[in-house]
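Q: Here is how the chains run, residue by residue.
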Amino acid sequence: MPGTGLTIFDRIWARHRILENVAGEALLYVDQHFLNETSFICFQELERLGRTVRRPKQSFLAMDHTVPTHHREAGIPNAENREAIEYLDRFARKTGMAYIGVDDPRQGIGHIVASEIGLTLPGILIAGDDSHTTTNGAMGALSLGIGLSEVTHVLATQALWQAPYRKLRVTFSGSMALAVDAKDLVLELIHRIGAAGAIGHFVEFAGAAVSALSMAQRMTICNMAVEAGARAAIIAPDETTFAYLKGRPLAPQGKDWDVAVTEWRALRTDEEAVFDREVEIPASEVAPTVTWGTSPQDAIRVDGRIPDPKDAGSAQESARAEAALHYMGLAPGMRVTDIAIDQVFIGSCTNGRLEDLRAAAAIARNGRAVVPAIVVPGSQEVKREAESEGLHLVFRAAGFEWREPGCSMCLGMNGDLVEGGKRCASTTNRNFMGRQGKGARTHLMGPAMAAAAALTGRISDVRTLLERA
Amino acid sequence: MEPFLRIEGIAVPFDRANVDTDQIIPARFIMKPRQFDYSKVLFHDLRNGPAAEPGFTLDRPEYRGAKILVTAENFACGSAREQAVYALQDTGIRALVGPSFGGIFYTNCIKNGILPAIVDATVVSALCAALLRSPGSVLAVDLPQQTIATNDGKWFPFRIGEGDKAQLMGGWDDITRTLEHEQAILAHERATAATATWTRPSFDEAIGLRRPIPFAKARDER
Numbered sequence: 004m005p006g007t008g009l010t011i012f013d014r015i016w017a018r019h020r021i022l023e024n025v026a027g028e029a030l031l032y033v034d035q036h037f038l039n040e041t042s043f044i045c046f047q048e049l050e051r052l053g054r055t056v057r058r059p060k061q062s063f064l065a066m067d068h069t070v071p072t073h074h075r076e077a078g079i080p081n082a083e084n085r086e087a088i089e090y091l092d093r094f095a096r097k098t099g100m101a102y103i104g105v106d107d108p109r110q111g112i113g114h115i116v117a118s119e120i121g122l123t124l125p126g127i128l129i130a131g132d133d134s135h136t137t138t139n140g141a142m143g144a145l146s147l148g149i150g151l152s153e154v155t156h157v158l159a160t161q162a163l164w165q166a167p168y169r170k171l172r173v174t175f176s177g178s179m180a181l182a183v184d185a186k187d188l189v190l191e192l193i194h195r196i197g198a199a200g201a202i203g204h205f206v207e208f209a210g211a212a213v214s215a216l217s218m219a220q221r222m223t224i225c226n227m228a229v230e231a232g233a234r235a236a237i238i239a240p241d242e243t244t245f246a247y248l249k250g251r252p253l254a255p256q257g258k259d260w261d262v263a264v265t266e267w268r269a270l271r272t273d274e275e276a277v278f279d280r281e282v283e284i285p286a287s288e289v290a291p292t293v294t295w296g297t298s299p300q301d302a303i304r305v306d307g308r309i310p311d312p313k314d315a316g317s318a319q320e321s322a323r324a325e326a327a328l329h330y331m332g333l334a335p336g337m338r339v340t341d342i343a344i345d346q347v348f349i350g351s352c353t354n355g356r357l358e359d360l361r362a363a364a365a366i367a368r369n370g371r372a373v374v375p376a377i378v379v380p381g382s383q384e385v386k387r388e389a390e391s392e393g394l395h396l397v398f399r400a401a402g403f404e405w406r407e408p409g410c411s412m413c414l415g416m417n418g419d420l421v422e423g424g425k426r427c428a429s430t431t432n433r434n435f436m437g438r439q440g441k442g443a444r445t446h447l448m449g450p451a452m453a454a455a456a457a458l459t460g461r462i463s464d465v466r467t468l469l470e471r472a
Numbered sequence: 117m118e119p120f121l122r123i124e125g126i127a128v129p130f131d132r133a134n135v136d137t138d139q140i141i142p143a144r145f146i147m148k149p150r151q152f153d154y155s156k157v158l159f160h161d162l163r164n165g166p167a168a169e170p171g172f173t174l175d176r177p178e179y180r181g182a183k184i185l186v187t188a189e190n191f192a193c194g195s196a197r198e199q200a201v202y203a204l205q206d207t208g209i210r211a212l213v214g215p216s217f218g219g220i221f222y223t224n225c226i227k228n229g230i231l232p233a234i235v236d237a238t239v240v241s242a243l244c245a246a247l248l249r250s251p252g253s254v255l256a257v258d259l260p261q262q263t264i265a266t267n268d269g270k271w272f273p274f275r276i277g278e279g280d281k282a283q284l285m286g287g288w289d290d291i292t293r294t295l296e297h298e299q300a301i302l303a304h305e306r307a308t309a310a311t312a313t314w315t316r317p318s319f320d321e322a323i324g325l326r327r328p329i330p331f332a333k334a335r336d337e338r
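Protein chains in written order, with my numbering: chain A, 4 to 472; chain B, 117 to 338.
Next comes chain B alone, as it looks inside the complex (with noise of 0.2 Å):
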């Protein structure tokens, strides 16, 4: 994963609260391998078709490119999907800049190497306000610094957690490292069944192997 240091790049004011990941990737795109470029199907019912918004922030020219997304409260909530996170990444987003995040999507962003950076919504407000006087204009995002600066010279702090941001800084690989404590997790393992062992039932004994309804079969009793 690429480490996340300091990036300048277009930021798209997106001054929009609660928006859910439905939005941004709809549940029939979802089943699609890694591969996929799923910056093709970001915000797609949106961008597309006869009920889609004309004029669509992310559409407008001066933001082609764009590496910043400026949200408000609660940007991605709802279905854990992490494609959510591909279509963004895929689009080439590095940062978000809001109030508050989907929690499971907050997650999603640092093991994706994205940043999602916290600051008051005041900030977003500024932040958009700037951003739409000059559309197009550039801010720079510094995470050793955990600051948002903008083009004239403001800047902004943000709040991130310790441990998210030395994950993004190093980039690196969360099982290796994890696995670094695999006598530790051993050792939790052999403990724990030894003293509680209905925590971990064997599925197979404990139900057995049924015998199966075949599926192509199953009568359709309507």
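If we strip away everything but chain A, and leave its shape as in the complex, we get (with noise of 0.2 Å):
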């Protein structure tokens, strides 16, 4: 449909607004309902308001916040995880929606698992109880993170409730240089436009550099859209996207697939169409880029020097930045590289795919790790992957421990913590204070540079790391 100045929000959007109130919300249908085992007071909730989960297949239910990543054999060990499991387990069975649990091969992180069967497809409506609900608009859907009574809602009526959102559009043009990873767009965005930058809206990812982009890379960058304040992110399908989706279980199948492709690719904003506010960056301009405060917005080169305080744009924003510099024990016009750190995560839905492991484990395989290093792969596809490829036993050549997957220390419900006061290069997606830990440190980062920091106890430009390789 060209020159009718759609943008891909709005086509999605249509083809899923059951009505419209006085107000202008639109009740939308949910094609794909994303829970987890912190959703269980929902389950409580609507037993007791006395109603059923309306379309429990279409309602997917997967173990990944609180499971553990080592020591299986003895249960889960906290006992409100190990209940909460308990009863979403006797609750799925009962009703048969689509659950993926514990003791499940496919088991992992939700949002990695939907994307490996073919859950999350082009064009379809999903909602679901996880910030990170972002991740799956790199597949075309329009993905948006709710919270617990909207999650009850959409269990009971399968929809749910949007006022219009305005549109921003994030064009990375040119391409990305040698060892720049898609974690540095992201981090590179955040900081630009602020933790603040992207509320109330949807973003539409563009540009050469985002079309260069693999599957697991774009995850990436919806992944941590919503840390710019985003309500939804999305890439428009393509090739790539129909080359990593073909033959998934759930995904079309035979004449059906035809079809859908056709359809696919009608989804796409129209040249005409105009976005409420445009942001350009070169990705050319963008470099190994890391965190060192407490808010994903708090990212700088890893070639830089730790910013004044006084130098923000205002005294309440110096106040936050100073009170982040004393949570993180670091100093003004210190070198990122001389930033000394005390353990390393690899995984997460930000950076938990077989593409992540890789690129850590290229580097783990230079040498060893000089402080402790989990690896946590994103589900048990990943991880059956990633051993067939032998990358677990790089990692453990390196020294870096290799789990089961899950959640793990990018929020430690599972016990994967971070103790008070140390340090943490880690590849997950926030740096909040406390986040992987009371008292933790958190400095977010690629794939690759987690690893360089592993072999050197230091936060790492992982360039100077593949020029000596």
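Errors might be hidden in some of the hints.
[Said to hold, decoys possible] Straight line, CA to CA, 20 Å or less: simulated EDC-like cross-link-like pairs of lysine to aspartate or glutamate:
(1) Lys148/B - Glu50/A
(2) Lys281/B - Glu23/A
(3) Lys60/A - Glu305/B
(4) Lys270/B - Asp258/B
(5) Lys148/B - Glu86/A
(6) Lys281/B - Glu28/A
Everything labelled a hint here was simulated from the structure, so no lab data went into it.
With the hints in hand, could you dock these two chains into one complex?
A: What follows is the structure, encoded as structure tokens:
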């Protein structure tokens, strides 16, 4: 439909709009509803209300937030976590939900498993009980993170009320320099527009550098769009998307596949479409990037120095930056590469896919970890594939621990915690105070950079290591 | 849900940007049932333990029983955890006033009968200055009029979406209201099922039930 001035969001929105109320809010149909064990309150609430799961087959429950990543023979040690999982296990089996339990051979982080089994498809509408539901926009789905009240509502109705959103297009033009990762692109974006920069917006990622990204990398940038406040993130499906989806168990098969691909090709933003805001970042300007503070916007090139809070734009921002540096135990002017780290975490819905592990292993094979480092594959499938390539042997030979899949040290709900005062180089999405454990200090970075930090014991420029290799 | 019309109460100046929901309630406390008194864990790690902030704003006696929190940009960003709202609600907070809120948190507030009132950053500065001059003073928040009034007669307008306003004022049950549209939802399901079957695959048929890995016996190959 050329010449209509529609964005990809408008197209998916229109297809899912059941009706509109007088306030202009749309009741949208939810094709797939993503749940995890932290959703248990919603199921209790549903039972209390005497309601049932309206469409169990469209309710995808994956256990990920609290599952142990080692010593699984001991079961789940934390009583609250264990009881929630046991309750949901019974509920899911009783209602026939699409369910990936802790002992399922496909177990893993919900967003990663959904992409592996082909549940996440272009043009569908997903609502998920997790802010990182934005990840699924990488496949061209409109994918919204929601809270518990909305989850209960979707369980009962399979629909979600949404007020119209503003639209932001982020164009990464040109191409990325060598050793620059998708993680660096998105950290640079959050740094430029701020952690509140995309509040109230659907974000479309476009541009030559985005087209060139693999699906794993696309998932990384859509995943972290929420760290700029984005309500949803999307990348229009293209040949890369179709090649990724073809043959996956839940993707359309045979004749249906051809019909679907024809429809998916029309899922794009018209040239005439107008966005409420546009941001362009030449990808060549982006260097390997890490965070120094307690907000993902506190990002800086690895070859830079810790900024002075006095130079922040406002008194309030200066105070925030100062508090962040105090928490992180860092001083202005310090070289980023002089920051010694205590441990390394590689994994999460941001960077727990096979490609991420390959990037980390490519660095790890050149040395030996001098600090504790753990690798947590995003799913059993990622783990199997990585092992079939021998990546687990590379990591173990380099002194990294190789574990079972889950959300793990991204938020520590399963007990994988960073101790207070310790500093972790982490491939996760949030460097908030206490995110990885009370008093823990987090530096976000890409998987190759995290592996480099493990080998040197300090934040390191992966480009320097690659030159030596 | 209790309808929200007009409230008057002690307001706390909490003028910090990018306060995330991990600070409001650390992840280790979110696996508790709704019956738990979540006020016990509000800003837990900023109020307890060796790393606590001395004299944390919410612990000052003049703010005891506060109903309103005046916040800075991007309050409650990050994790979707609705327990952040539970913690504020169980503490007695009925309204938040700030220039912007984390998107999911904003909706979570509406669904729990808490008003997230949006004002310009200059209004936050003015309110916080006034509240710091006389700690423990009261603000009046009027939802139908969309105004915030200080006890010395000043008032400021705030913004809120029409649908959100109606929902807060009505205090209605979301699910019941939506299911009044049951026929429209069914019609939508039938129409899309006919045109694009692949959008809603049958999970069981497509991938079957594969043999589980006995969880308790999974080998730890460290």
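Q: Is it true that the CA of lysine 281/B sits at most 20 Å from the CA of glutamate 23/A?
A: Judged against 20 Å, a Cα distance of about 16 Å means the pair holds.
Q: Verify the proposed pairing of lysine 60/A with glutamate 305/B, using a straight-line Cα cut of 20 Å.
A: Status holds; Cα separation ~13 Å.
Q: Regarding the pair lysine 148/B and glutamate 86/A, is the alpha-carbon distance no greater than 20 Å?
A: holds, 10 Å
Q: Take a quick look at whether lysine 270/B and aspartate 258/B sit within 20 Å of each other, Cα to Cα.
A: holds, 13 Å
Q: Are the Cα atoms of lysine 148/B and glutamate 50/A separated by 20 Å or less?
A: holds, 17 Å
Q: Under the criterion that the straight-line Cα-Cα distance not exceed 20 Å, is the pair lysine 281/B, glutamate 28/A satisfied?
A: holds, 12 Å
Violation of the numbered hints given earlier is absent; every hint is satisfied by the structure.
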